[in-house]
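Asker: Sequence lines, in order, name chains U and H.
Position 43 of the first sequence, counted from 1, bears residue number 43 in my numbering, the numbering being contiguous throughout.
Numbers in my numbering are just positions in the second sequence, counted from 1, shifted up by 507.
Please keep in mind that the hints were generated in silico from the structure rather than gathered at the bench.
Glycine is no exception: its CB is placed at the ideal position from the N, C-alpha and C atoms.
Do not rely on the hints blindly, as some may be mistaken.
[Claimed, not checked] Some chain U residues judged to face chain H by a derived CB distance under 10 angstroms, without partners named:
no., residue
1, VAL152
2, TYR185
3, ILE187
4, THR357
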Amino acid sequence: MGYEKIIILLTLIIPMLTAIISLFFKKNRIVNNYISIIGSSLLLITTTAFLFPLIVENEILTTQVGGWKAPFGITIVADMFSAIMLVIASFVGLMVNIYALENIDYKKKEFSFFVFFQFLMMAVNGAFLAGDIFNLYVWFEVMLISSFVLLVLGNGTKQLIATVKYTLLSFIASAFLLVGVGMIYGISGSLNMADVALYFREHPNEPLMTVAAVLFMLPFAIKAALFPLYFWLPDSYHTPKISVTAIFSGLLTKVGVYALIRCFTLIFIHDVHYTHTILMVAAGFTMLSGVFGALSKVNMRRILSFHIVSQVGYMVLGLALFTPLAIAGAIFYIIQHILAKTNLFLITGVVEKIKGTSNLKGVSGLYHRFPVFSIIFLVVALSLAGLPPLSGFWAKFILIKAGFEQQEYLMIFVVLITGLLTLFSMMKIWVNAFWGKQQEEPDRNLITNEKSLFKEHWSLLIPIILMASFTLFIGLFSMPLMKYATIAAEQLMNPLQYIEAVLGTAN
Amino acid sequence: MEFLLSILVGLLFAAGVYLLLHRDFVKLVIGIVIIGNATALFIFVAGRIVRQNAPFIQENGLPPENFADPVPQALILTALVIGFGIQAFALIVFKKVYDIPKVDKIDDLKK
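Excised from the complex, chain U in its bound form (with noise of 0.2 angstroms):
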């Protein structure tokens, strides 16, 4: 009985204790890499072996922080739909951190880089199981000072102007999510999710609802990098070292979507008219504006971060049509994206290694001296864009099934042009890179071929490669996913399961 609950309490104890020991070794370089590690590692074993497991036999568990009943304390609740993102974010999160053994300098990690992204992953878990909006508030400001931290980290003029964009929308961001704490517990005198969906339910009071519906929608939004205010994610996601933009791609934004799915599946049900069409033209722009953005672009890694806006309104479309099929679209598109995308940044951040700069004008041809890899981008890339069999495509096809049930053809539209495009973009970067003329290389480089960059650089290919061969698996074998993201979206479509399962009586 006991054990049960403090599995679920171990994916936050486990980044929390690893950051604390890794701040008393960060002057030692070789512990401080161990110990990050281990720690994901063991994060990573926790959620696939203990956590998983244990949803998909009970459904949903939760744990009351300090054992007072449930509207009152602190609910930790894990559903299948946080258990998924759990899995998926300590997953990535070991990929990045073996990643990062190389690619973040031993100056960076003395000025603790492992502490704060072991705080990172801690926040990014405590965001997807609590049960709590003004805990999830919390779990939002500690992932955002670990983020400003890793961001800024190695004090690059372009790192500093990135951080002042991005501090101050994240600042503007957490204050309108305060105030709709603030307004929520004004109406409905609690905090706790379940109770405040039970009390809605009760007693509907339609406009203060739609105002603190609109209040939280506003910062999701930001972090999300929805439509009108994503502009914050191209300026600065492509300063940092690229592993922190990778975690960064991966995690932040589908935090920030993950609180949407949760708020606008579970309390703000009572206009869903009024509230999900908003976010269906917001969908509908982001995807538009994500990719035309990427397509003026010319350095892969602005390419990259405009995609993440254009696939973030994919995500919000499947939440915005909100029947079961569209949202188990959604969760089957998170995931994919989150493996894709990382690992396209990933793939970048060694095409840099490999030439110095990830600027299309001054890459070309590398397909001539590393197939191989060529081959795994190419692969990656293409499921991002969605191309059959490979995941993305999957992920599009469920999303388009669930528009035209609910005739939504100018969505379907949008999201067939916004493929269309990506496939586009994702070629430009394929044909300048990758294929052309080869280049002369300059003298300092010692990567020449595919066998020095395997051998002397495994620690940068092994994440990519797994990565890799996941995004395939889950391409050619895609019904066990999309069978738990049903099972996931089926919780999610009936909140009183989830009001029942914290409260003890859904009344």
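Could you slot chain H onto chain U? The hints should help.
Answerer: Frame of chain U; chain H shown alone:
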């Protein structure tokens, strides 16, 4: 009282947003501080203002009638601490950015 405080919250938000829209780093930081305080005050007012009793259980084991709600105060305390941390961080980052040659205003950050 609640009416007055609501107006104050509105004024603080207006002042904070006005300062955030400025081009000057110092005003930006002040804007952040003011918005942080405005949100804290908002939560305080949203949690109802009660002047009668402190939230202690009486000798007979029952809560007093009409007691001040402690939860918003706990929330404000947490939010203020977090806000303070972010403000301190922002101040240092803005100082660092201000030290970059040829950067005096926000507009200089455009590249």
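Asker: The structure should be examined with respect to each hint, and the outcome stated for every one.
Answerer: Here's how the hints hold up against the structure:
| no. | hint | result |
| --- | --- | --- |
| 1 | VAL152 | holds (6 angstroms) |
| 2 | TYR185 | holds (6 angstroms) |
| 3 | ILE187 | holds (8 angstroms) |
| 4 | THR357 | violated (17 angstroms) |
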